[in-house]
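Chemist: Protein chains in written order, with this note's numbering: chain C, 80 to 239; chain X, 7 to 765; chain P, 286 to 577.
No lab work stands behind these hints: they were computed from the structure.
All figures in this text were calculated on a predicted structure; none of them were measured in a lab.
Note that CB positions come from ideal geometry on N, CA and C, so glycine has one too.
It is possible that part of the hints are untrue.
[Said to hold, decoys possible] In the DMTMM-like style, the derived pairs of lysine to aspartate or glutamate whose C-alpha atoms are separated by at most 20 Å in a straight line are: (1) X/Lys284 with P/Asp544; (2) C/Lys81 with X/Glu123; (3) X/Lys30 with C/Glu91; (4) X/Lys609 with X/Asp464; (5) P/Lys338 with C/Glu156; (6) C/Lys81 with X/Asp464; (7) X/Lys751 with P/Asp544; (8) P/Lys338 with C/Asp148; (9) X/Lys247 with C/Glu156; (10) C/Lys81 with P/Glu293; (11) C/Lys81 with X/Glu69.
[Unchecked claim] A few chain C residues that face chain P, going by a derived Cβ cut-off under 8 Å, partial list only: (12) Tyr100; (13) Gly123; (14) Thr129; (15) Glu135; (16) Val137; (17) Val142; (18) Leu143; (19) Val145; (20) Val161; (21) Gly162; (22) Phe211; (23) Ala212; (24) Ala214.
Letter by letter, the chains look like this.
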Amino acid sequence: MKRLIRLYVNGEPHEVLVPVYRTLLDVLREELGLTGTKKGCDVGDCGACTILLNGEPVNACLVLAVEADGTQVDTIEGLAQVGEEGVRLHPLQESFLRLGAAQCGFCTPGMIMAARALLAENPSPSEEAVRFAIAGNICRCTGYTKIVQAILYAANREVM
Amino acid sequence: MSRGFSTIGVGHPRIDAIEKVTGKARYAADFSLPGMLYGKIKRSPHAHARVLSIDAEKALALEGVKAVLTPWDVPRVLHTGAPAPRLGSLRADQLVLTDVARFVGDGVAAVAATTEEIAEAALDLIEVQYEILPAVFTVEEARRPGAPLIHGTEGNLVMPPIIVQAGDVEAGFAEADLVLEATYHTGRPSHCYMEPNACLCYFDESGTLTIWASTQCAFMVRGILSEVLGLPLHKVRVVVKHMGGGFGAKQDLYQHEFVCALLARRTGRPVKMVYSRKEVFMATKTRHPVSITLKQGVKRDGTITARQALYVSNTGGYASHGPGITAVGTIDMTSLYRCNENWRLEGRSVYTNAPIAGAFRGYGAVQSFFALDVQMDELAEMVGMNPLDFRLKNAVGEGDPSPSGHRLRADALAACLRRGAEEVRWHERWQPPEVKTGRVRWGLGIGTEMHSSGAYPDIKEQSNAILKMNEDGTVQLLTGAADLGTGAHTVLAQIAAEELGMPLANIRVVSGDTDMVPFDIGAYASRTTYVAGSAVQRAAAELRQRLLALAGEKLGCEATTLEIRDGEIRRQGQVLLSVAELVRGEGGRPAVALMAQATYEAKVAYSFAAHFAEVEVDTETGMVRVTKVVAVHEIGKAINPLGVEGQIEGGIQQGIGHSLTEDLVLDPETGAPLNAGFVDYKMPLAPDMPEIRVIILEEAPDPDSPFGAKGVGEDPIMAIGPAIANAVYNATGVRFRELPITPDKLLARLREQGETDTA
Amino acid sequence: MRPFDYYEATSLEEAVSLLGRYDGRASILAGGTDLLVEMKEGLRAPACLVNIKRIPGLDELSYTPGEGLRIGAAVTVRQVERHPAVRQHYAGLAQAACQLGSVQVRNRATVVGNICRASPSADTAPPLIADGALVCLFGADGTRTVPLEEFFTGPGQTVLRAHEIVTELRLPDPIPHTGQVYLKHGRRLAMELATVGVAVSLTLQDEICTRVRIVLGAVAPTPIRASEAEAVLEGRSPDSTLVSMAAVKAQEASRPIDDVRSSAAYRRQMVRVLTLRALEQALTRARQEDSP
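Please put together the full structure from these sequences, using the hints given.
Modeler: This is the structure in structure tokens:
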């Protein structure tokens with residue numbers, strides 16, 4: 080069973096014919112080539128596939144692509160602004176880069192998307208709020224120290 | 007800028023961070039090719055079973071299935087799975103697909119199909135007949151007379167016991183006022199790198215295999231694939247772009263790498279294989295569960311007189327790094343704390359039907375130093391000394407023997423202890439457990455460690471580097487060293503920039519393609535900065551000399567009077583011309599081809615650390631919360647302090663997990679992991695992590711290393727475990743000689759002590 | 286995941302008729318955070334998924350003074366956690382909601398789904414039972430209402446009949462001077478499945494406990510009320526002795542199992558510790574609530 084669905088990914092409309100059993104994660108990665116969203120566990124435990132669905136962070140591995148028909152999907156690929164002066168990083172991307180918050184980088188896209196959702200809701204979160212907002216994003220490299228610093232730094236620097 | 011350096015010693019952002027924060031970084035599973043198939047492995051549900059027959063007819067009949075492989079369709083070449091010969095050597099005991107399953111999850115067949123879903127469905131259609139064999143999961147069971155022999159070796163020993171001795175242990179014990187003997191146990195943590203194992207294989211028209219892989223040791227993958235598949239080395243190309251962590255487990259090859267290549271050969275199409283998280287848990291690697299029976303004698307003045315130990319590791323169904331970690335774990339007990347050079351240490355590695363244990367950050371020494379440093383606390387109490395003073399009295403220092411057999415060059419361990427004690431105000435704040443009361447009790451504990459930068463002399467460490475000068479003054483740095491997420495490539499670029507006198511922005515690292523870069527043995531044992539970095543430094547030094555010679559010729563002066571800074575040729579501070587002007591072609595004449603290469607074979611350098619952990623123990627629930635860690639590391643020179651801090655903070659996170667919550671638990675009946683997922687295999691998450699204060703000491707730069715730098719990757723995970731166990735003791739008076747320290751065990755022990763109300 | 290048929294029902298009648306057509310081989314899809322995982326792990330292989338999120342009215346989350354709270358079957362845990370009236374009037378439920386999984390999971394998972402899954406450790410079940418929640422069901426034979434306390438029959442088992450759907454949960458308006466608390470025991474501070482969960486809803490009038498509900502999660506085949514523990518306090522003026530006695534009674538009521546998360550013995554001890562703490566906190570909250 081297949082369905083034709085329409086997704087607005089990073090602001091661009093896409094029409095995709097998808098098997099109903101395929102997750103949004105697999106459709107983003109395999110059909111649309113957006114491999115920035117990572118598959119770390121495929122069962123909603125690690126947060127590597129965090130995207131924004133109509134602005135809210137979700138695990139793309141726990142959403143069927145058909146359920147997302149008609150929604151706005153934001154992935155890591157849509158975060159930086161590309162303009163005449165080249166690529167302008169989002170403040171979170173900038174702070175993750177500068178403060179050493181990305182090591183192996185596999186959790187980074189999901190982590191940044193979770194942080195983006197937090198800052199959209201709470202522009203100046205406490206350290207504790209940051210830590211709980213990314214509790215569903217596992218990082219095995221950093222001890223979270225520099226990730227938390229980077230999110231707080233981005234929050235203080237600019238209102239999202 | 008510090009101490010006259012321009013590029014090193016500064017916390018540069020990683021050179022690949024831009025790709026990572028934008029989602030552009032590509033990991034093995036992110037590559038695809040037209041016409042690609044998906045491969046899956048059929049795994050044994052039995053821990054020990056002989057495969058009698060496999061019927062693939064139904065699977066092959068499923069639409070979309072392109073090939074099925076059984077143990078009889080693949081080369082029956084026994085291989086080690088693990089690269090690089092170490093002390094005690096490796097055992098070639100693995101097959102591409104096995105006809106005798108030796109742990110739950112051992113691969114017995116494989117399939118390739120047009121979609122992942124069809125491949126999965128096909129697995130269920132492959133019918134395997136097994137003869138179930140008796141299985142053993144613990145060392146005790148495996149060593150019992152009459153136990154099933156997993157690889158036919160006597161007593162299920164992987165190799166003959168390793169025996170390391172010096173001095174006279176019996177005389178040492180006789181000299182002691184007090185002797186303590188106790189057994190220490192460590193758990194079965196899983197690496198949990200975030201990127202599941204994955205690869206993509208295809209054969210081109212010339213019969214050359216290209217494999218995109220996630221490996222720490224690309225050249226070792228090339229070597230073993232060539233051996234097993236019967237391909238010459240020039241027809242195997244291994245490509246590693248970005249890696250999502252490895253922590254030692256991705257030193258080894260797994261069944262998918264062989265199977266994927268064979269499926270690609272069989273079908274004539276590209277094949278991709280990606281492990282599920284459950285497969286990563288059950289069928290890759292764990293740390294070795296180890297028991298250490300440690301006996302030490304001590305005089306009333308705090309002098310340790312002798313050390314005896316038996317180190318026994320459970321390596322699971324295959325040897326992998328069992329011999330190596332057992333050798334390292336055993337030999338490392340010669341050091342860290344002095345014992346009048348009287349020791350007798352024995353190491354054994356034992357096959358069982360548990361999941362395979364392999365290399366994991368801290369390689370065998372995590373377990374040894376846990377035993378040693380917990381016992382240091384116990385001995386201190388026996389002789390009535392403060393645990394800090396007792397450690398300072400016995401800490402190894404200049405002139406003491408090291409595990410590599412060389413004498414140590416500095417008193418760096420004591421320096422770490424002193425600096426940490428000052429930071430935590432040890433003498434003001436530390437109090438013995440007897441005075442602790444209340445529902446929530448605070449404790450402070452110390453853990454220490456030392457680690458060589460590289461595995462010399464066990465391994466003939468070798469790295470190479472090639473630097474290619476471009477005609478505009480920029481440089482390509484070709485290295486075979488992997489960056490599994492550590493920032494190693496950034497450090498190599500910094501070393502090249504510093505040595506050349508060029509801006510970091512002018513260096514581009516080319517890596518991860520065995521067709522293009524020079525040989526490197528792999529990324530492990532905290533060796534990359536030291537060994538690969540030395541090769542880079544030497545190649546850069548040579549290139550610099552050639553540039554200066556060229557400049558001398560062009561300017562008509564002695565090359566020795568010139569220097570390069572910020573990409574400019576200078577004499578006595580005066581800028582004469584830029585490197586770009588020097589090397590570019592003129593009047594239609596091409597530029598001078600300038601290339602330099604160097605090889606470095608390592609010597610030995612040691613890094614040291616002392617961790618001070620603060621904990622709070624809830625005596626009603628047995629829950630331990632680590633509230634602060636002060637981590638003091640002596641590493642010679644921090645090329646990139648930002649990267650060093652990141653390594654230490656991450657190592658502490660893993661170590662807290664190993665100490666409190668992480669343990670892959672096996673069903674005692676079936677040997678199947680009971681918590682093969684992130685819900686029940688519990689890594690510390692962001693809210694669980696304490697404040698970490700990292701202090702980097704540069705007291706003992708190594709004379710043979712780039713700018714004095716030593717390794718740091720392994721170090722942090724070794725010191726934190728004993729620090730936490732000792733802090734729990736300090737808070738509660740409950741001595742844990744095993745990890746992990748779980749709340750139910752702690753609560754039961756508190757009750758035995760009669761310290762809590764009993765309702 | 287194995288292939289399946291997929292429908293987006295636009296009415297309850299259509300959903301029920303689809304369930305009937307597949308005769309037990311169809312599953313309701315709301316949040317999907319448990320269902321899809323079980324399907325990926327091969328624990329369930331439904332022939333059809335019936336997505337009910339587009340059925341009008343099921344997304345209702347509303348509080349009416351005097352009537353109470355309604356939580357529709359499509360309402361996410363995150364919506365409940367953020368709802369001002371939930372935070373104000375149903376503090377135990379709010380605590381449970383914000384401790385369930387990650388933000389990402391809570392944005393998909395529904396409270397009704399958490400209930401229908403009937404896991405003994407479901408976080409929202411103990412506070413909902415303590416607050417006196419009712420379950421509204423719709424089936425081929427029409428609608429019916431069941432107290433949540435009577436809804437569960439075993440792990441994964443409920444009184445739901447074939448081709449019946451839970452449409453919403455209804456909670457009465459809390460009595461003034463009620464303190465509600467949910468405490469959860471897990472090894473980490475987040476992303477835990479409760480090894481023990483304890484919900485308390487306690488009404489204190491003139492220092493007398495007029496209504497006490499103590500509900501235990503993860504220590505029996507279903508969430509259970511510790512009635513003997515409640516009886517220790519009901520009608521009496523609470524003091525530390527009575528609170529301790531109630532905690533011991535709660536421990537006696539628990540019938541936990543050994544599993545990879547915890548030993549049964551440890552769970553039993555935690556029931557006492559958590560009940561004691563929950564009661565103390567509920568008393569404080571009840572006393573703080575000066576006027577309704």
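Chemist: If a hint holds in the structure, say so; if it doesn't, say that too.
Modeler: Against the structure, the hints come out as follows:
no.: 1; hint: X/Lys284 with P/Asp544; in the structure: 19 Å, holds
no.: 2; hint: C/Lys81 with X/Glu123; in the structure: 14 Å, holds
no.: 3; hint: X/Lys30 with C/Glu91; in the structure: 18 Å, holds
no.: 4; hint: X/Lys609 with X/Asp464; in the structure: 11 Å, holds
no.: 5; hint: P/Lys338 with C/Glu156; in the structure: 29 Å, violated
no.: 6; hint: C/Lys81 with X/Asp464; in the structure: 58 Å, violated
no.: 7; hint: X/Lys751 with P/Asp544; in the structure: 15 Å, holds
no.: 8; hint: P/Lys338 with C/Asp148; in the structure: 13 Å, holds
no.: 9; hint: X/Lys247 with C/Glu156; in the structure: 19 Å, holds
no.: 10; hint: C/Lys81 with P/Glu293; in the structure: 14 Å, holds
no.: 11; hint: C/Lys81 with X/Glu69; in the structure: 17 Å, holds
no.: 12; hint: Tyr100; in the structure: 5 Å, holds
no.: 13; hint: Gly123; in the structure: 6 Å, holds
no.: 14; hint: Thr129; in the structure: 6 Å, holds
no.: 15; hint: Glu135; in the structure: 5 Å, holds
no.: 16; hint: Val137; in the structure: 5 Å, holds
no.: 17; hint: Val142; in the structure: 7 Å, holds
no.: 18; hint: Leu143; in the structure: 7 Å, holds
no.: 19; hint: Val145; in the structure: 6 Å, holds
no.: 20; hint: Val161; in the structure: 27 Å, violated
no.: 21; hint: Gly162; in the structure: 31 Å, violated
no.: 22; hint: Phe211; in the structure: 6 Å, holds
no.: 23; hint: Ala212; in the structure: 6 Å, holds
no.: 24; hint: Ala214; in the structure: 4 Å, holds
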